[in-house]
Amino acid sequence: MKHTIRQVFHSGKFLVGFSIFTALLLIVFVYPLIIKNAPLAIIGRGTFFPPGTYVNSYDTIGSTQYTLMLDDAAAKRIASKLGDQERLGLKAWLVADGIPENQIDISDTVKLLDLWVNHYDPNKELAGMTYAKLQYYQRLDASLEGLLSIKGVSIAVKNAQTGALEETQFVQQSDYVNISQVANVRVLPLGTDNFGRDVLTELVKATGVSLEIGLVAGIIATLIGLTLGLLAGYVGGLMDDIIMFITNLFTVIPGFVLLILISFSIGQDKRGAVTIAVVIGLTSWVWTARAVRAQVVSLRNRDHVNLSKLSGHSVVHIILADILPYIASYVVMAMILQISSGILAEAGLSILGLGPRTTDVPTLGLMMNWAMIYQAQILGKWWAYIPVLITIALITFSMNLMNTGLDQVFNPALRED
Amino acid sequence: MKGYRKYFLNKVLWLLVTFVFAIVLNFILPRLMPGDPVAAITAKLAQGATNTTGMQKVYQQYAELFGTNKPMLEQFILYIKNIAHGSFGFSFSQYPRPVVDILKSSIMWTVCLQFPAIIVGWLIGNTLGALAAYLKKGFDKVLMPVSIFLSNLPTFGMAIFLLVIFGIGLKWFPTSGGYGFDLIPNFSLKFIWSVIVHYQLPFWSIVLIAIGGQAIGMRSMAIYELNADYVKYSRFMGIKDRKIIGYVFRNAMLPQVTGLALSIGTMVGGALVAEIIFSYPGLGFTLLNGVMGQDYPLISAATLIITLMVLSANFIIEILYGIIDPRIKAAQAD
Chain A
4 MKHTIRQVFH
14 SGKFLVGFSI
24 FTALLLIVFV
34 YPLIIKNAPL
44 AIIGRGTFFP
54 PGTYVNSYDT
64 IGSTQYTLML
74 DDAAAKRIAS
84 KLGDQERLGL
94 KAWLVADGIP
104 ENQIDISDTV
114 KLLDLWVNHY
124 DPNKELAGMT
134 YAKLQYYQRL
144 DASLEGLLSI
154 KGVSIAVKNA
164 QTGALEETQF
174 VQQSDYVNIS
184 QVANVRVLPL
194 GTDNFGRDVL
204 TELVKATGVS
214 LEIGLVAGII
224 ATLIGLTLGL
234 LAGYVGGLMD
244 DIIMFITNLF
254 TVIPGFVLLI
264 LISFSIGQDK
274 RGAVTIAVVI
284 GLTSWVWTAR
294 AVRAQVVSLR
304 NRDHVNLSKL
314 SGHSVVHIIL
324 ADILPYIASY
334 VVMAMILQIS
344 SGILAEAGLS
354 ILGLGPRTTD
364 VPTLGLMMNW
374 AMIYQAQILG
384 KWWAYIPVLI
394 TIALITFSMN
404 LMNTGLDQVF
414 NPALRED
Chain B
-19 MKGYRKYFLN
-9 KVLWLLVTFV
1 FAIVLNFILP
11 RLMPGDPVAA
21 ITAKLAQGAT
31 NTTGMQKVYQ
41 QYAELFGTNK
51 PMLEQFILYI
61 KNIAHGSFGF
71 SFSQYPRPVV
81 DILKSSIMWT
91 VCLQFPAIIV
101 GWLIGNTLGA
111 LAAYLKKGFD
121 KVLMPVSIFL
131 SNLPTFGMAI
141 FLLVIFGIGL
151 KWFPTSGGYG
161 FDLIPNFSLK
171 FIWSVIVHYQ
181 LPFWSIVLIA
191 IGGQAIGMRS
201 MAIYELNADY
211 VKYSRFMGIK
221 DRKIIGYVFR
231 NAMLPQVTGL
241 ALSIGTMVGG
251 ALVAEIIFSY
261 PGLGFTLLNG
271 VMGQDYPLIS
281 AATLIITLMV
291 LSANFIIEIL
301 YGIIDPRIKA
311 AQAD
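Sequence lines, in order, name chains A and B. Counting from 4, one number per residue, gives the positions in the first sequence under the working numbering. Counting from -19, one number per residue, gives the positions in the second sequence under the working numbering.
Simulated from the structure, these hints should not be mistaken for lab results. Among these hints, one or two may not hold up.
[Unchecked claim] Stretch-level coverage of chain B by chain A, calculated; a stretch enters the list once three of its residues show a Cβ under 8 Å from a Cβ in chain A:
| id | stretch |
| --- | --- |
| 1 | 128 to 138 |
| 2 | 144 to 156 |
| 3 | 253 to 266 |
| 4 | 271 to 280 |
| 5 | 290 to 303 |
[What the hints assert, rightly or not] Chain A regions said to be covered by chain B (calculated; three or more residues, Cβ under 8 Å):
| id | stretch |
| --- | --- |
| 6 | 162 to 175 |
| 7 | 215 to 229 |
| 8 | 252 to 258 |
| 9 | 261 to 269 |
Cβ atoms here follow ideal geometry from the backbone N, Cα and C, with glycine treated the same way.
Bound conformation, chain A alone (with noise of 0.2 Å):
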């Protein structure tokens, strides 16, 4: 056992899926120590914030202000404001407009301003411009309003009898807060989702629930296929026939159908993530069914499994002792298998809507279904399903890696030498 274990661990590649396996289980292990916010807690008013650190604006007005002389702040407050496609933007107006096209210089921001500042009309109709367009040209002049000024800006409060507006701070163009002196600054590494939730906080549970739902889907499955493979292979016979017939009306009937009219069946409300492991499992266990049949087929003659017949050892013995160590290899790597399978069987019924409810937990699959539904992928908001995608892609990938490592130590026709 133990120099099997050393072996095993001697491939590259299982070596390899192994690590990536168990740095995802890591995570999913230690992130919610440190990070203890709800995964499904709804943080975000509005759908698909981006990815990035946000700081409490109302909280950096009470903090202390320092004075910091940067040269180049100027110049990037306006490039936030005016970037290369906005000049672009003025000009074409100012184009449009009847200036001569060679006297406007788009990279001169000053003079660029000056000639939008004293040609623009905001309600000026230009031939052949949509009201979209007119609009987005309103909305470019406001946010441009001030943006070469040097002064600052007063904070006001309202007073309560009164209703005047008083000054309670001035704002200098050069004052800086130490975000470490914010009260309220929260790191979306991952933005929010349609529903406003911290993205990465939902990914890790969502991949320990799909992790889980892979597992018990595997073991379901495994052990199904493990006893028919035993039962038909082993026992033979008429079981044998029955059991073969069953298995390949499972063949040929697509799973996934089975999968999709039992959770359909089965109801929205009465759908938890584990209620799907079980379908999943009862539904892919045929596989295994057939393996393991074939590997006992060419068992049961051997030697010493004659030779513990004939000292009379009972069926449920011959099968522990003498069978089943010779495919356990072979049970695990299916097992393997049967795992990443069931993680993206969850997967693929999430996206037809047919997964776990909502409301408990997130999966994997779930949060593509969501994605997909608000559109993210057309709207190009990727944080919402470009690290799930990849986070499955890590899971089955390593898994498959494992169980080539697996093959090439147990099948030595296999090696590459």
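Starting from the structure of chain A, add chain B where the hints point.
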């Protein structure tokens, strides 16, 4: 052809058995669940509906159509009768459109998308796999990791990647639908072009995934065959390499054909989900709509048709296999 008779008869019989089994499963699975399915469905449908008399009518119609108040056996006979007449009832979500009507249009899209894609993927995958086994070294070193990566990605994952890269990033292809939303299906050049353009992304996402799995399988089969005694013997005999490769390819191909028959169900399942990503108007998208609208008759009919499609595809592959594999001819000749 006489030798094949037993083989073909066997396969036809098997097709019939699985056919019946599929229908029975489709009938029995929803009914195994506790509660009256029709009442549950109507209750779900009635949420937010104000027209109670209309609802009652729907309930009665479905209770009659499925015969839920009758004994199981009688229900089953009724069910078979309905299927034989091609009547799957009316859709809940698109009432009063009959289910057959909805499915009729989506089947064509799915069949035209999936089967060419799976076959093309299978052919390319096998060719690449055989080349990798034969050329080894550089080609193999590149192809294998790529194939492993491809075969590990779910089809919907590939669909999303293609969609984001070619549909949204490069804007080469449209992102959703089976044809331009401003067009009405007809046989004009513009419409056909639109269909072709919309076809590309779903098609290639299925093809690429199929390539991955098939290439890996073919490579290991071909490596096994290349080391077989008959190859060495042929080399000693001085038979040309090209001819030997032909033998090897043919022998390695046979298990791949069986493999295709066995995996076609899984492939179709994956491709159905990929359809959803592209809002392709096939059975997958119809299924999604059915699930969203709690449309039991639609789902039941769609799953039945998918099963029948897979069974028929399986049957065709097995028949082809019988013709290709010389061993079957030999076995039947005895």
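We went through each hint and held it up to the structure:
Residues of the stretch 128 to 138 of chain B with a Cβ under 8 Å from some Cβ of chain A number 8, which satisfies the need for three, so the listed coverage holds. Check on the stretch 144 to 156 of chain B: 4 of its residues sit with their Cβ under 8 Å from a Cβ of chain A, so the three-residue criterion for coverage holds. Given a C-beta distance limit of less than 8 Å, the hint that chain A covers the stretch 253 to 266 of chain B holds, as 4 residues qualify and 3 suffice. Under the rule that three or more residues need a Cβ within less than 8 Å of chain A, the assignment of the stretch 271 to 280 of chain B holds, with 5 such residues.
Remark: the stretch 290 to 303 of chain B is confirmed as covered by chain A, as 3 of its residues place a Cβ nearer than 8 Å to a Cβ of that chain, reaching the required three. Against chain B, the stretch 162 to 175 of chain A contributes 0 residues with a C-beta closer than 8 Å to a partner C-beta. That does not satisfy the three-residue criterion, and the hint is violated. Against chain B, the stretch 215 to 229 of chain A contributes 0 residues with a C-beta closer than 8 Å to a partner C-beta. That does not satisfy the three-residue criterion, and the hint is violated. Here the stretch 252 to 258 of chain A counts 6 residues with a CB under 8 Å from a CB of chain B, which clears the bar of 3, and the coverage holds.
Chain B is given as covering the stretch 261 to 269 of chain A, and this holds because 7 residues of the stretch bring a CB closer than 8 Å to a CB of that chain, at least three being needed.
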